[in-house]
Amino acid sequence: MAHPLIDLVHISKAYDGATVLDDLSLSVKENTFVTLLGPSGCGKTTTLRIIGGFERPDAGTVIFDGQDITSLPPNKRQLNTVFQKYALFTHMTIAENIAFGLKIKNKPKSYIDDKIKYALKLVNLDGFENRSVASLSGGQQQRIAIARAIVNEPRVLLLDEPLGALDLKLRQDMQYELIRLKNELGITFIYVTHDQEEALTMSDTIVVMNQGYIQQMGSPEQIYNEPENAFVADFIGESNIVPGVMLRDELVEIFGAKFPCVDKGFGVNRPVDVVIRPEDIDLVEPEKGTLTGVCTHLIFKGVHYEMEVTTPDGFEWLVHSTDLCPVGKTVGIHVDPFDIQIMNKPESEDEEAVGVNE
Amino acid sequence: MNKKATKWLAGPYILWMIGFTVIPLAMIFLYGLTAADGSFTLENVAAIATPEHRKSLFLALGLSLASTVICLVMAYPLAMILRRRNVGRGSFILFIFILPMWMNFLLRTMAWQTLLEKNGVINGILTALHLPSIAVINTPWAIILGMVYNFLPFMVLPIYNVLVKIDDDVINAAKDLGANDFQTITKILLPLSVPGIISGINMVFVPALTTFVISNLLGGSKILLIGNVIEQEFTRGSNWHLGSGLSLVLMAFILVSMAFMAKYDKDGEGTAF
Amino acid sequence: MNRAKLKRLIQDFYLVFVLIFLYAPILTMMVLSFNTSKSRTDWGGFTLDWYVQMFQSSTIMDALYNTLLIAFIAALVSTVLGTVAAIGINSMGRLPKTITMGVNNIPMLNSEIVTGISLMLAFLAFGISLGFKTILLSHITFCIPYVILSVMPRLKQTSRYTYEAAMDLGAGPVQAFFLVVLPDIMPGVLSGFLLAFTMSLDDFIITHFTRGAGINTLSTLIYSEVRRGIKPSMYALSTVIFLTVLALLLITNFSPEGQEVSRGLPPTEAEKAKKRRLETARKALLTAASFCVILAVSFTTYRHFAAARSNELYVYNWGEYIDETVIEEFEKETGIDVVYDLFETNEEMYPVIEAGGVAYDAVCPSDYMIQKMIENDLLAEIDFENIPNIDQIDPEYLERSKAFDPENKYSVPYTWGTVGILYNDKLVEELGAKPPESWLDLWDEKFAGEILMQDSVRDAFMCALKPLGYSLNSTNPEELRQARDLLIAQKPLVQAYVIDQVRDKMLGGEAAVGVIYSGEMLYLQELAEGKDFQLEYVIPKEGTNLWIDSWVIPKNARNKENAEKWINFLCRPDIALRNFEYITYATPNRGAFDLLDEELKQNKALFPDWDSLENAEVYQYLGDEADSLYNELWKEVKSK
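First to last, the protein sequences are chains F, G and B.
Residue numbers for the first sequence follow the working numbering, so the first one is 12 and each next one is one higher.
Residue numbers for the second sequence follow the working numbering, so the first one is 151 and each next one is one higher.
Residue numbers for the third sequence follow the working numbering, so the first one is 482 and each next one is one higher.
Worth flagging that the hints you see were computed from the coordinates, not collected in a lab.
There are no misleading hints in this set.
Mimicking BS3-like on lysine-lysine, the simulated pairs with C-alpha atoms at most 27 Å apart in a straight line are:
| no. | chain 1 | residue 1 | chain 2 | residue 2 |
| --- | --- | --- | --- | --- |
| 1 | G | Lys413 | B | Lys637 |
| 2 | B | Lys1022 | B | Lys927 |
| 3 | G | Lys268 | B | Lys927 |
| 4 | G | Lys157 | B | Lys578 |
| 5 | G | Lys337 | F | Lys118 |
| 6 | F | Lys128 | F | Lys116 |
| 7 | F | Lys96 | G | Lys337 |
| 8 | B | Lys972 | B | Lys907 |
| 9 | B | Lys637 | F | Lys96 |
| 10 | B | Lys637 | B | Lys578 |
| 11 | G | Lys268 | B | Lys986 |
| 12 | G | Lys337 | F | Lys87 |
| 13 | F | Lys96 | G | Lys315 |
| 14 | B | Lys712 | G | Lys268 |
| 15 | G | Lys315 | F | Lys114 |
| 16 | G | Lys337 | F | Lys128 |
| 17 | G | Lys337 | B | Lys488 |
| 18 | B | Lys972 | G | Lys205 |
| 19 | F | Lys114 | G | Lys337 |
| 20 | B | Lys637 | G | Lys315 |
| 21 | B | Lys637 | G | Lys157 |
| 22 | G | Lys268 | B | Lys1012 |
| 23 | B | Lys486 | F | Lys87 |
| 24 | B | Lys712 | B | Lys519 |
| 25 | G | Lys337 | B | Lys486 |
| 26 | G | Lys315 | B | Lys488 |
| 27 | F | Lys126 | G | Lys337 |
| 28 | B | Lys972 | G | Lys268 |
| 29 | G | Lys413 | B | Lys578 |
| 30 | B | Lys986 | B | Lys1022 |
A few chain G residues that don't get close to chain B, going by computed Cβ distances all over 12 Å:
| no. | residue |
| --- | --- |
| 31 | Ser189 |
| 32 | Phe190 |
| 33 | Thr191 |
| 34 | Ala216 |
| 35 | Trp291 |
| 36 | Leu339 |
| 37 | Lys413 |
| 38 | Tyr414 |
Ideal Cβ placement from N, Cα and C applies to all residues, glycine included.
Generate coordinates for the entire structure from the input sequences, incorporating the hints supplied.
And the structure:
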């Protein structure tokens, strides 16, 4: 069984009085693909830089393989980073870039040459040894940055939004490359991104962050299907978040209609937030629906239609469905019990943020 | 834009350049390559080989090289500290290091005369402290000092401008790959700032090589640099042909220096402005 | 943690070290500008006198006006021309563009001295006389490249589609340019203007070569002043300039964006508001500053042109060689405007007259130079009908003048004197030397580093020719070479070769002995009163140069009658007396001499008996060949 390789213990960090990380704790197991996901300014990059050693936390400790490395400079850490804008050394050839870390460690020349060849093969850029950095496309530079990091055989590879600067097609290709690489190398990846789709595609574990706090941590399926608060629900995929009242276990009232669900333990007549994914809403004949509404908007999206159904209370439900419902038609809304996700209503914004941390 | 029509907008300036840049330069060649009677000669250029001209040229080369090296050694750490402090272009800290550059150049030089004179401010302070006084004024050292003082900002700026363009993550990447501070500087920062260094060297070396003001004011007219020789050939009216001939020699050095710059700073990254 | 702290400490220390290096000289000047005492090491109390002196000095104020006016016009013209040119260049094909930009870069990359010389040669070759307009043309020439440099990048960023969009929406090409393109490149145009303005303000070298008569910018004025000895008003000027530059740059350069924290944190509303306020304040200040400059420039221009100049006189004289109130009185009495310009040595004056870049009306050269000018047909005969006051000149001097002006047709003596050694009695004693009485005492090792020699060819060679027993008019190459060797042998002992600075340095106790013109002696002795040393003057026993400075009128003078009025005015005994009292050079004016105190009349250093001047000689013009031999040998001395 995998044991924790990196432990962040009660990390806090502030810049010029503005708190970026507040008492953050996080464990990363060996040989997993962990993604730190969140909007810009949520502290994910700072977390990564603290692990990499480029920033020192104001409080808390960083444990790596059982050892406190909080004040260890980056050049002494057994991990390597792939930077957002690749940070290749423009005055060196590709081979020199890749060889940089090995030369610093005074590895023999034949070893270095082998490693360069191996790494270039790994990132599908064989024969690029003597090219200059400027002659490479963004995607190629990205691969070189990865090659430059992995030749040092780090136990952890840190990736700071490495695909951010690439176009959509290339980004998708690179996602598969990264998964393949991770499987081939068998090392831990800690990946920072603000792109939820990227996170869902690649990760073993996703850590959703906002305002310096961890909002939820879990597998992609858990994060998507069982968001623990409105922020996660809203940030991951599209969803309808509606106010509701938990009448009793397994029954929730939304806009006066009673929906059976599978959640328990919220007490009786307790106001809650209800999350329903657009693709989980079934449009049925009006008399069969739990709620009825009028379709007010319709767009064809290729794989499905995107519709808006407005219920008498004025709420616009977002619905994804392969069945077409013309604008102006009255329809019933039906949701299966296990597609309804109940969340505690936050009493303040701050509570929403702390939410899952304890 | 309509290229056919707009390109003629450069017309007036091209005429201006011909009148005030090209023709004047041609005049130097005309004077430099002719004798007083108008006949063609290479004597004025060859005159650089006479002992006194040769000496003044070598002295100028020596002093300007020395001050260029001192400027570089002083400016590089300064630019690096300024970069590391994240001061940013247009910040106040950078501003105060550049400010003296905009002070009148003659007044700056005059200030050092005041400081260095035998009964000047520095010796006054040294005497008050019962320390031996220094005799720097009217020596080559004073000239080097004057050059360094006057031209230091011209070295700091281009180096700084190149250094700030280096992404923090490039430095982080080097450290991440195991380089210590020293290795980061020698293997990453220095090679990447070559355009700025070359441009700085140019901006210090050329004016230092050709100066006549600094040597005049701080050298007590005892030390003739090639700039002084040329200036005197014109203002004391001895021989304009000779003065032009020697200017041609000087231009050759400037050309070498420029070619050097063109080679290392292709994109014009390392500018001071 | 400690290591990081130590590193930061070392960095701070280094920053402070460089700051001290950069600012110590400037601060020193600021402090000295408030010092009552002229000495650089004593604090004599606080005063604003030097500032008053500076603002009252018409030379400084005129130079300031010229500097600002030239900078303003040059910046304006080069901005318009440069911006238009940049647009043109931007739409050129590759090759023409490369060539144009290459030529454009020449003034920026070339050494200023070469640019200055080349422009001077071109102006003179095409018969453009040096003056305000040549400075202006030169400044525009070296400013345009900077404007293009700052406009070009902006222009490249401007998409041609915006221009086309404007046309598409119905704007004509000119309208489209002014409505769309110009606003887009405006920041570049503005910074180009500012850059050009500062470059022009700061230029010395190019101005030095292209300026003409009666015109100084601050830089050229400072240069000639500093070479004459630093006056405290120069410190005051430095302080004012420094503070002005500081204020201007703070307003224009110090943009609030610079303070942005580069952490990627979005700025808060309060920060944004603060930034906006700062930006508004900055813009307001910038507008106010430019408005003030424009106002000042136009006001002074108006004043200059309001005082119409039809009746002029161009005078070219030695530095500090007249009581300036005399000029004012002359202007008042005759209604003639005097344009007054200075030279430092005869050798510097001659090519200016010869080249004719400036048409001077009255010039005051020395004996041998007058002879050279006569022989080269540069002088006009003076109409003595217009100079009745010639009677006041002692006939003895007119007689002596025949050595260089055989028929007394071209010159009117102004001052005369000898060349001798001034020594500081206290320093001489401290050095264990005896008071000098021979030129050879200037070769005494005891005076190492304490000797000030004259930085002019003839005077320097005179000091060596006389003790060798040769004539100071020797043209014998062998004799001259011996003199050269003697001067080379002396060079290690010499503190500096100076001209007018000898006064300041002797007075400041910088040197023990200095070669000096007799006229300076009286003035220096007066100033040295109350110091702990005395300055004594000796005429060395081997004999010396008896010199006469006389007024002459160049052939190309445009206002010859005014020049004669000027010379006649200066020969008036009361005026001659005032000039004598101011410059303290012996006067050949009998009327003025008669008005002197008995004590002064008896001063043998000032007015030596003719018998004692047996060995004294007047310089003669030795011909071009001998001249260049002198120059060559002198260069050999200087470059050793």
